[in-house]
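Asks: Whenever a hint applies, use it, and build me the whole structure from the sequences.
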Amino acid sequence: MTSSSGERMLDVRGLTVRFPTSDGIVQAVSDVSFALSRGETLGIVGESGSGKSVSNLAIMGLLNRARTVISGEVEFKGRDLLTLPPDELRKVRGKEIAMVFQDPFACLHPMYRVGAQIAEAFTAHSDAGKHAAWSRAVELLDHVGIPNAKSRARDYPHQFSGGMRQRAMIAMALVHNPDILICDEPTTALDVTVQAQILELIEDVKREFDIGVILVTHDLGVVAETANSVMVMYAGRVMEYGPAAEIFRHPQHPYAWGLLDSMPTIERRLDALVPIEGSPPSLLAPPSGCPFHPRCPYRFEPCATKLPPLKVPADGAHLDACHLPYDKKVELGAQRAKKVAA
Amino acid sequence: MSANGSTETLVELEHLTKHFDVKQGVFARGTAKVHAVEDVTLQVRRGETLGIVGESGCGKSTTARVMLRLLDVTSGTVRFDGRDITHLSQRALRPLRREMQMVFQDPYASLNPRKSVGQIVGTPFAIHGVKNARSRVQELLERVGLSPEHYNRYPHEFSGGQRQRIGVARALALSPKLIVCDEPVSALDVSIQAQVLNLLRNLQSDFNLTYVFITHDLSVLRQIADRIAVMYLGRVVEIGDSEQIYDAPKHPYTAALLSAVPRTGTDPRQRIVLSGDVPSPIDPPQACVFHPRCPRFHRGHCDVEEPELRDLAPHHAAACHYPLERWPITDEELRQAEGAVREDRPHLEGAAHD
Numbered sequence: 001m002t003s004s005s006g007e008r009m010l011d012v013r014g015l016t017v018r019f020p021t022s023d024g025i026v027q028a029v030s031d032v033s034f035a036l037s038r039g040e041t042l043g044i045v046g047e048s049g050s051g052k053s054v055s056n057l058a059i060m061g062l063l064n065r066a067r068t069v070i071s072g073e074v075e076f077k078g079r080d081l082l083t084l085p086p087d088e089l090r091k092v093r094g095k096e097i098a099m100v101f102q103d104p105f106a107c108l109h110p111m112y113r114v115g116a117q118i119a120e121a122f123t124a125h126s127d128a129g130k131h132a133a134w135s136r137a138v139e140l141l142d143h144v145g146i147p148n149a150k151s152r153a154r155d156y157p158h159q160f161s162g163g164m165r166q167r168a169m170i171a172m173a174l175v176h177n178p179d180i181l182i183c184d185e186p187t188t189a190l191d192v193t194v195q196a197q198i199l200e201l202i203e204d205v206k207r208e209f210d211i212g213v214i215l216v217t218h219d220l221g222v223v224a225e226t227a228n229s230v231m232v233m234y235a236g237r238v239m240e241y242g243p244a245a246e247i248f249r250h251p252q253h254p255y256a257w258g259l260l261d262s263m264p265t266i267e268r269r270l271d272a273l274v275p276i277e278g279s280p281p282s283l284l285a286p287p288s289g290c291p292f293h294p295r296c297p298y299r300f301e302p303c304a305t306k307l308p309p310l311k312v313p314a315d316g317a318h319l320d321a322c323h324l325p326y327d328k329k330v331e332l333g334a335q336r337a338k339k340v341a342a
Numbered sequence: 343m344s345a346n347g348s349t350e351t352l353v354e355l356e357h358l359t360k361h362f363d364v365k366q367g368v369f370a371r372g373t374a375k376v377h378a379v380e381d382v383t384l385q386v387r388r389g390e391t392l393g394i395v396g397e398s399g400c401g402k403s404t405t406a407r408v409m410l411r412l413l414d415v416t417s418g419t420v421r422f423d424g425r426d427i428t429h430l431s432q433r434a435l436r437p438l439r440r441e442m443q444m445v446f447q448d449p450y451a452s453l454n455p456r457k458s459v460g461q462i463v464g465t466p467f468a469i470h471g472v473k474n475a476r477s478r479v480q481e482l483l484e485r486v487g488l489s490p491e492h493y494n495r496y497p498h499e500f501s502g503g504q505r506q507r508i509g510v511a512r513a514l515a516l517s518p519k520l521i522v523c524d525e526p527v528s529a530l531d532v533s534i535q536a537q538v539l540n541l542l543r544n545l546q547s548d549f550n551l552t553y554v555f556i557t558h559d560l561s562v563l564r565q566i567a568d569r570i571a572v573m574y575l576g577r578v579v580e581i582g583d584s585e586q587i588y589d590a591p592k593h594p595y596t597a598a599l600l601s602a603v604p605r606t607g608t609d610p611r612q613r614i615v616l617s618g619d620v621p622s623p624i625d626p627p628q629a630c631v632f633h634p635r636c637p638r639f640h641r642g643h644c645d646v647e648e649p650e651l652r653d654l655a656p657h658h659a660a661a662c663h664y665p666l667e668r669w670p671i672t673d674e675e676l677r678q679a680e681g682a683v684r685e686d687r688p689h690l691e692g693a694a695h696d
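Residue numbers (the working numbering), protein chains in the order written: chain E, 1 to 342; chain L, 343 to 696.
Keep in mind that the hints were calculated from the coordinates and are not lab data. Given the structure is predicted, the values throughout are model-derived calculations rather than measurements. Glycine residues also receive a C-beta, built at the ideal position from the N, C-alpha and C atoms. Treat the hints with care, since some could be wrong.
[Said to hold, decoys possible] Short derived list, chain L residues pointing at chain E, Cβ under 8 Å:
1) Asn-454
2) Ser-533
3) Arg-605
Replies: See below:
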């Protein structure tokens, strides 16, 4: 591979996605910006409806352009994917940027052999013959840890376990040595011991193929263990974005505190869990100002009216979107850390 | 209230076994048996939360359903509140149904979309002929954190967390002794999970409830369970007080489960990655069912003799010939059980480098 690790590959700027519906406009993603480098794993976390999946569908050009209003820029290798004509985009999608979805049961066709489906993904972007494509499929199945790949390639999806199907999906994503692998909740449908295997596989694949990985998940534990950088989303907006170690050691946004504190820990039994009160807002009519302010215990005067910009609040800190003065965040963060340790 | 409410044990399962017949082969001529639950013996004590944890297909939900006699028993005994209910007819069970209730996983599927909340929560009262249902339903709604005005609303008007509260209110309606919660928070977002877990905890102390809490999520379970049974392929492989299970697991499978849970903490930790998948319950492995995946496997012992569930510490039993000596444990210690001769384990080759 000629490319070097650390090279900036994907630049998303001001990505905004709106779905006009009969009930009004769903503000699914609002002004989302991030970047991905080679060798990096970016974890995107958020609860259901936070816009984490839709952002990636927009990047992949998988949203119906006739029914969606998308704005912003998605720069990949000097081109803006959002303005690329459909046939150009098709050459990128599945070849240079590949995707693995949550449910490997729904993503494999039940009537075709697993090997044939991977071979099809290969011939979609190359002139290779049937035999070459089949051997590529077997090679990749072997690579992702399917035992007896040669004979298992002839199996149908129902003969595979959940974990093996997800391995097959990863094999399919890798057929053209992509630059970017987008994994949307890749382990959510899997048991915990199988989840560990798949996360390890994604990590191995990232290293061997020297690619960038975007890992979308609602599980903070998964992100903590695999991601280099983390973006926390809420109601379609970025709340906090920075290096993973920083986000978990010194989270700056009250929503991130809430998420971390409400997560049940396996380390010990807590006297009471600390939930975030209320529920996530409707994206048809998101709250004015900061979208988190109705649930935020630290809201003050500007929060309800003024949208906080995503910015670095002080030297040595990382990006967040919160009106609280930085000193206050540090103070509250320290109090929180003390409470957690107690 | 039944008269024999004095014993400490509310539910007792003895050598409980449940097999399902499945058709196999061309034109479904052959039949095979799914060994869903195999020789499970356990007790649920009054006022406690017994957690049942395991991966999909381990038989945890089937165990609960047999416990409530929602499924018939293949062999073994189920005792509820001192009474043998193994072979009671559905009619004879009817009066007991008020005392055992269930909360389901999917709050979208378990509430009838065509019925109002008042009807849903009021149905148990209607079935058991209780008067004054409306005001009692409204009390219940308030108790689970909804408002009495929600009485005439329909399920689609509620969020996932609120729907789960409706399911909890319905289960509480007849003041049951036992509530089986089958993955009650798995479908909820993490910030909402905590709300529902807190609610369940508060209700337990207020109403002196006994829970059987089924989940695959060990972090959730730690927050609610007093005792835990770990199941694998239809068997209880380890059972004990919650603290014991988390802080000193004895069975290698429990250890692997614990170590596989992703954490946000920064401390490095031991990770046991099991090779392969759970075998089919139609044709479970001989002897110890875990032996094909076990890092401590000893040829000529584990694949020949089935380990019995035996006490290894007070209130802590495991079914393993070579239980863990300590926790956390290093990889080398894990693979080399004390007092055992290490043999070649060709089935693990390659897996170690995955």
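Asks: None of the hints should be skipped; say for each whether it holds.
Replies: Outcome of the hint check:
The closest approach between the C-beta of Asn-454/L and any C-beta of chain E is roughly 22 Å, which is over the 8 Å cut-off, so the hint fails. A hinted interface residue such as Ser-533/L counts as satisfied when its beta carbon comes closer than 8 Å to some beta carbon of chain E; here the least separation is about 4 Å, so the hint holds. Below 8 Å, beta-carbon pairs count as interface contacts, and Arg-605/L has one with chain E at about 5 Å; its hint therefore holds.
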